[in-house]
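Participant: So the sequence lines, in the order shown, correspond to chains D and R.
Residue numbers for the first sequence, in the working numbering: 1 to 258.
Residue numbers for the second sequence, in the working numbering: 1 to 258.
Just so you know, the hints here were simulated from the structure itself, not pulled from any lab data.
Since the structure is predicted, the reported quantities are computational estimates derived from the model, not experimental observations.
Be aware that a few hints might be false.
Where chains are identical, the list cannot tell them apart; a pair therefore holds if satisfied intra-copy or between any two copies.
Using 30 Å as the maximum straight-line C-alpha spacing, the simulated BS3-like pairs for lysine-lysine come out as follows [to be verified]: (1) Lys83 <-> Lys155; (2) Lys245 <-> Lys99; (3) Lys17 <-> Lys138; (4) Lys155 <-> Lys138; (5) Lys128 <-> Lys99; (6) Lys155 <-> Lys84; (7) Lys155 <-> Lys128; (8) Lys81 <-> Lys245.
2 protein chains.
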Amino acid sequence: MKHYQGYLVDLDGTMYKGEAAVDGASHFIDHLIGLQVPFLFLTNNSSRTQDQIAAKLNKLGVKARPDQVYTSSLATADFIKEKKEQARVYVIGEEGLHKALTDRGHTLVEEDADFVVIGIDREISYTKLARACLEVRKGAGFVSTNSDTAIPTDKGMLPGNGALTSVVAVSTGVDPTFVGKPEPIIMERALKELQLQADHVLMVGDNYHTDILAGMKAGVDTLMVETGLSSFHEIEAHTHQPTYKKLNLHEWLNGHKG
Amino acid sequence: MKHYQGYLVDLDGTMYKGEAAVDGASHFIDHLIGLQVPFLFLTNNSSRTQDQIAAKLNKLGVKARPDQVYTSSLATADFIKEKKEQARVYVIGEEGLHKALTDRGHTLVEEDADFVVIGIDREISYTKLARACLEVRKGAGFVSTNSDTAIPTDKGMLPGNGALTSVVAVSTGVDPTFVGKPEPIIMERALKELQLQADHVLMVGDNYHTDILAGMKAGVDTLMVETGLSSFHEIEAHTHQPTYKKLNLHEWLNGHKG
């Protein structure tokens, strides 16, 4: 089996589900740490900061430093920075997105924005959506952290950021640039953070339509685990299959060590 | 020129613009009243009640009784009533929609809804959208008052109900039934209210994509006036043209009387 110089590791369904660690998650990360192989946790979650996510992982027994967490918010802030340093950004989103944008040197504004950025916002309002529409119509670039249409919660599948973003897209007729998985944008930036080439890295995740497609689009090998959203049965008919399929990360570790 | 037994008359851009009457509006309505020709004001506006809209028209000098106003909210309530009497409805919307649904005998509920109904709601929230998604996923019928993607306001084009509805459509993958213009549903119900056949009625409006298309789809002749959204120049390339095109309602009255 090929040896990889770096790993990109999904969170929800791969490292944890809700408030519980996924079986094998901590062993897998301990294994990477033992091998001194660099890795990043790669998540479409735009609402939390690196500190908050690392704290959650540590609480669940998965060793993580804040700088090992790369979110769709950070990728969005980096993407915009490449287009324009210290951009004026009108943002709809939560703490993780606000912090990522300001940490990268952008200014959050209420009008005359260079970019409108949308991430999941559980305090969404008509006023916020209206302002985003007006700014996009005035010519601001339109960027969305991720296209996820639904989020699994204990109440059921609730609207994801892709669904919220559609209000502005439908109203203005302008398509946003999506940054998160499965788009290559977040992958390119994560590889840059790892300072590795695509063909030396393995993407690990549970969701075929985000994690695995993201890897495929970016030329990164993929390991799909069946501990989260997608099942091997569901994806049987797809032409493009993950590089590896394992029931869980224990099975991967056994094969990898053996 | 053909004589019509009844008229369907758009409001915004045809009878008024913002808080001002459109030139010729009151004369046109006086003319219909003089001829004792029945007519309905037909609007996609779901937020206001019949009383509120009639009051606005009267204030602007356009004679109107509440029962002469037929909104997308009333058409929605009537449409649902045909599917199920006294339905359980989870509603996102404003006063006009709430009142129309309860006036038609439906019950507004927070869960186990037969139908989810969405109309423009300037107090939209994530919680409301989440509940709508959960109910649609559980099998509730999904109905939206109208598909307008943007509303003209003095601040610019703000999100319309079609844009808000897209959150639930995109998140659940279920397409809603739209009721308002240009859909035939509102036209069929308005003709029923007038107790007239389609080919005896004239639809009067300023918006090609709602008023005029609604008439065409329903087999109703159309008069397009250039006092609102669409211009004759813009619609030149369309294969299907309004039955009549007049700069304003004065021009129509002159031709009609002369």
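Participant: Compare the structure with each hint and give your call.
Facilitator: Status of the hints after comparison with the structure:
no.	hint	in the structure
1	Lys83 <-> Lys155	between (39 Å within a copy, 29 Å between copies)
2	Lys245 <-> Lys99	neither (36 Å within a copy, 55 Å between copies)
3	Lys17 <-> Lys138	between (41 Å within a copy, 23 Å between copies)
4	Lys155 <-> Lys138	between (38 Å within a copy, 12 Å between copies)
5	Lys128 <-> Lys99	both (18 Å within a copy, 27 Å between copies)
6	Lys155 <-> Lys84	between (40 Å within a copy, 28 Å between copies)
7	Lys155 <-> Lys128	both (25 Å within a copy, 14 Å between copies)
8	Lys81 <-> Lys245	neither (36 Å within a copy, 51 Å between copies)
In the structure shown, a violation is registered for the earlier hints numbered 2, 8, in ascending order.
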